[in-house]
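S.K.: These are the residues of each chain, in order.
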Amino acid sequence: DIVLTQSPATLSVTPGDSVSLSCRASQSISNNLHWYQQKSHESPRLLIKYASQSISGIPSRFSGSGSGTDFTLSINSVETEDFGMYFCQQSNSWPRTFGGGTKLEIK
Amino acid sequence: QVQLQQSAAELARPGASVKMSCKASGYTFTSYTMHWVKQRPGQGLEWIGYINPSSGYTEYNQKFKDKTTLTADKSSSTAYMQLSSLTSEDSAVYYCAGITFAYWGQGTLVTVSA
Chain A
1 DIVLTQSPAT LSVTPGDSVS LSCRASQSIS NNLHWYQQKS HESPRLLIKY
51 ASQSISGIPS RFSGSGSGTD FTLSINSVET EDFGMYFCQQ SNSWPRTFGG
101 GTKLEIK
Chain H
1001 QVQLQQSAAE LARPGASVKM SCKASGYTFT SYTMHWVKQR PGQGLEWIGY
1051 INPSSGYTEY NQKFKDKTTL TADKSSSTAY MQLSSLTSED SAVYYCAGIT
1101 FAYWGQGTLV TVSA
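These protein sequence lines map, in sequence, to chains A and H.
Here the numbering used here is used: the first sequence runs in plain steps of one and ends on residue 107.
Here the numbering used here is used: the second sequence runs in plain steps of one and ends on residue 1114.
Rather than coming from a laboratory, the hints here were simulated on the basis of the structure.
Being a predicted model, the structure only gives us computed values, none of them experimental.
Certain hints may be false.
To be verified - Listed next, the in silico SDA-like pairs over lysine to any residue satisfying Cα-Cα at most 20 Å (straight line):
hint	chain 1	residue 1	chain 2	residue 2
1	H	K1065	A	S43
2	H	K1063	A	S91
3	H	K1023	A	R45
4	H	K1023	A	S43
5	A	K39	H	Y1027
6	A	K39	H	K1067
7	H	K1063	A	K39
8	A	K103	H	R1040
9	A	K103	H	K1065
10	H	K1067	A	K103
11	H	K1063	A	R45
12	A	K103	H	K1063
13	A	K103	H	S1084
14	H	K1023	H	S1085
15	H	K1067	A	E105
16	A	K103	H	Q1039
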């Protein structure tokens, strides 16, 4: 199975900061990497697909980059509504796997 | 608009089975696979498997293969997941996710307790 390692586990930031979240795959997955946001007691929400493709309805401050084994989710000027958990997921091979998550919290 | 409406929370005894549902609306049910994901309290996400509603073909994560049965009813645009031989390790929220994970149900909480 492909292991996705997310870092950091927790990121404490002030609204207005810009941040980068990392997701590293145990083997190359091309660009088959997707990002989700999950707020407390809510379902996950797809933010970015195929590493860098934007999703309709998602604010433009969210962007993704990377290919192969190293991927980054960037949030330009964090807003209070952005706090929560972020997960990456690979669709390169079965079984689909998720990273352990990064918690974005208010400093 | 696309919606995935999941069934209500379940309380089950150890050793029992539960069957939960995910009713799709707002798109052609048979055009997209339906995935199921497990999330234990305060934990990450685990992919359980998927079903192709058009053909009935299923693919399971080996970890859940003996635990889970996925089915779909095209006439009602509803996907189902049955969990068998329940233990405390099965207590979790279970999500259905469709159209390549772009849409998620609200989750079904399963609590296994004597």
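S.K.: If a hint holds in the structure, say so; if it doesn't, say that too.
M.R.: Cross-check of the supplied hints:
{"no.": "1", "hint": "K1065/H x S43/A", "result": "violated (24 Å)"}
{"no.": "2", "hint": "K1063/H x S91/A", "result": "holds (17 Å)"}
{"no.": "3", "hint": "K1023/H x R45/A", "result": "holds (18 Å)"}
{"no.": "4", "hint": "K1023/H x S43/A", "result": "holds (16 Å)"}
{"no.": "5", "hint": "K39/A x Y1027/H", "result": "violated (26 Å)"}
{"no.": "6", "hint": "K39/A x K1067/H", "result": "violated (28 Å)"}
{"no.": "7", "hint": "K1063/H x K39/A", "result": "violated (27 Å)"}
{"no.": "8", "hint": "K103/A x R1040/H", "result": "holds (16 Å)"}
{"no.": "9", "hint": "K103/A x K1065/H", "result": "violated (30 Å)"}
{"no.": "10", "hint": "K1067/H x K103/A", "result": "violated (30 Å)"}
{"no.": "11", "hint": "K1063/H x R45/A", "result": "violated (25 Å)"}
{"no.": "12", "hint": "K103/A x K1063/H", "result": "violated (26 Å)"}
{"no.": "13", "hint": "K103/A x S1084/H", "result": "violated (33 Å)"}
{"no.": "14", "hint": "K1023/H x S1085/H", "result": "violated (25 Å)"}
{"no.": "15", "hint": "K1067/H x E105/A", "result": "violated (35 Å)"}
{"no.": "16", "hint": "K103/A x Q1039/H", "result": "holds (16 Å)"}
Of the numbered hints given earlier, the model fails hints 1, 5, 6, 7, 9, 10, 11, 12, 13, 14 and 15; all others are met.
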